[in-house]
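K.L.:
Please take these sequences and the hints and turn them into a complete structure.
In terms of this note's numbering, the sequence shown has 1531 at position 209, counting the first letter as 1, and numbering is strictly consecutive.
Don't take every hint at face value.
Claimed, not checked - Taking lysine-lysine pairs in the DSBU-like style, the calculated list, with each CA pair at most 35 Å apart, reads:
#, residue 1, residue 2
1, Lys1382, Lys1534
2, Lys1420, Lys1534
3, Lys1686, Lys1534
4, Lys1371, Lys1420
5, Lys1682, Lys1534
6, Lys1382, Lys1364
7, Lys1371, Lys1382
8, Lys1534, Lys1371
9, Lys1424, Lys1371
10, Lys1426, Lys1327
11, Lys1382, Lys1682
12, Lys1382, Lys1687
13, Lys1420, Lys1364
14, Lys1426, Lys1471
15, Lys1476, Lys1424
16, Lys1371, Lys1426
17, Lys1534, Lys1687
18, Lys1424, Lys1471
19, Lys1426, Lys1364
Stated by the list, open to error - Label-pair restraints from in silico Cβ distances:
#, residue 1, residue 2, range
20, Asp1704, Ala1360, 42 to 48 Å
21, Gly1423, Glu1570, 40 to 46 Å
22, Leu1472, Gly1583, 22 to 28 Å
Calculated from the structure, these hints are not laboratory results.
Because the structure is a prediction, the values reported are computed rather than measured.
Cβ coordinates follow ideal geometry from the N, Cα and C atoms, glycine included.
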Amino acid sequence: MLQEKGYYGQFGGAYIPEMLYPNIASLQQQYISIIEHADFQKEFEYLLKQYVGRPSPLYKAERLSEHFQTQIYLKREDLNHTGSHKINNTIGQILLAKQLGKAKIIAETGAGQHGVATATVCALMGMECIVYMGEVDIARQSPNVARMKLLGAKVVPATSGSRTLKDATNEAMRHWINHPDDTHYIIGSVVGPHPYPDMVARFQSVISAEIKTQLQSQVGREFPDYVLACVGGGSNAAGAFYHFLEDERVQLIGAEAAGLGVESGKSAATLALGTVGILHGSKTVLMQTTDGQVVEPHSISAGLDYPGIGPMHAHLADINRATFYPITDEEAMQAGWQLSRLEGIIPAIETAHALAILPKISFKKEDIVVINLSGRGDKDLDTYIRYFELI
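P.N.:
Right, here's the structure in full:
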């Protein structure tokens, strides 16, 4: 699906300041040969198994399946070390940074899961870590802020704009421009200039590779009828979709954050509201005004509170290979409540958006539906408590 110069159809590429050109060019020239080398793969696979705890289970959710009258399997990325899929990518990128001779790591984070995963691998490898996080997200994701600091990371608040993920990404990009020689930027999603969207998707593709093997073992075939995942930038969805992209038997379904409603003015439903433009170094679909100013997004979920989408997902939507549903805050919160009560699993609010797709599709009884349970809800307990008045 990836084409020349990092494009997916019309989307992708590398639109970068001149100061970053050497870093990006170096990555473009070396990343494939580095990550495909046998020694790299051996260490990557060792850490995924022995440190992260992979393979993550593929769990048949019996009560949820009964409720929706279909066969629902949950890919339990929430059981990974650090509590989400994000660690798959940070393990890969920290190994890449070592090969490139970088001494310092920067990252951006919204919900804090990528920040925690980055701080974790920096502690593991003994590397300096700076994480940029929106001031609003710091307040609503305080448990993850504490984890990052405990792991030795410096958490820097982004105080401009909406003070959320977009602004944290802006600040991380500025830092990298000023420190291009000794610093590697671990981007947390399938966004940014080429080669990041492809590189992150490759590291996350372990998710769909495992789904194929696990389905073969459990149901006697390696493909589901549906794969569901939430999409902000879209790394967990990219990983869950990756090995099914060319298999037309599999319907790929993404959930975007509609916030208070697509037409409310308080939304992050990029594909419903966006137009083609440049965001954070790549050509994609983003929410913007007619004169090209980024529209501030809104979502109850810090990890989906982003005004754009990864170029791979923009392309999948453009060619009708994947379908994306806008999910409101209310729908996501109710879906999170439902999974908690039916299966004893409290999902991240990001993940709850994917669960909220279930009542929108008329599944057959025999359909195999895999939902990528991208993260656990520990970090969101304060939001759940306030929303449902639990205390």
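K.L.:
Hint by hint, note whether the structure agrees.
P.N.:
Hint check:
1. Lys1382 - Lys1534: 14 Å, holds
2. Lys1420 - Lys1534: 31 Å, holds
3. Lys1686 - Lys1534: Holds - the C-alpha atoms of Lys1534 and Lys1686 are around 21 Å apart, at most 35 Å.
4. Lys1371 - Lys1420: Status holds; Cα separation ~20 Å.
5. Lys1682 - Lys1534: Holds, at roughly 25 Å.
6. Lys1382 - Lys1364: Distance ~30 Å between Lys1382 and Lys1364 Cα, so the pair holds.
7. Lys1371 - Lys1382: 22 Å, holds
8. Lys1534 - Lys1371: Since the Cα atoms of Lys1534 and Lys1371 sit roughly 17 Å apart, the hinted pair holds (cutoff 35 Å).
9. Lys1424 - Lys1371: 25 Å, holds
10. Lys1426 - Lys1327: With Cα atoms ~27 Å apart, Lys1426 and Lys1327 stay inside 35 Å; holds.
11. Lys1382 - Lys1682: Roughly 20 Å between the alpha carbons, so the hint for Lys1382 and Lys1682 holds.
12. Lys1382 - Lys1687: 14 Å, holds
13. Lys1420 - Lys1364: 15 Å, holds
14. Lys1426 - Lys1471: 16 Å, holds
15. Lys1476 - Lys1424: 18 Å, holds
16. Lys1371 - Lys1426: Satisfied, since the Cα-Cα distance of roughly 25 Å is no more than 35 Å.
17. Lys1534 - Lys1687: Holds. Lys1534 to Lys1687 sits at ~21 Å (cutoff 35 Å).
18. Lys1424 - Lys1471: Holds. Lys1424 to Lys1471 sits at ~22 Å (cutoff 35 Å).
19. Lys1426 - Lys1364: Between Lys1426 and Lys1364 the Cα gap is close to 24 Å, so the pair holds against 35 Å.
20. Asp1704 - Ala1360: 42 to 48 Å: Given range 42 to 48 Å: holds, Cβ gap about 45 Å.
21. Gly1423 - Glu1570: 40 to 46 Å: With a Cβ separation near 43 Å, Gly1423 and Glu1570 satisfy 40 to 46 Å, so the hint holds.
22. Leu1472 - Gly1583: 22 to 28 Å: Distance hint for Leu1472, Gly1583 is violated at roughly 38 Å.
Checked against the numbered hints listed earlier, the structure breaks hint 22 alone; every other hint is satisfied.
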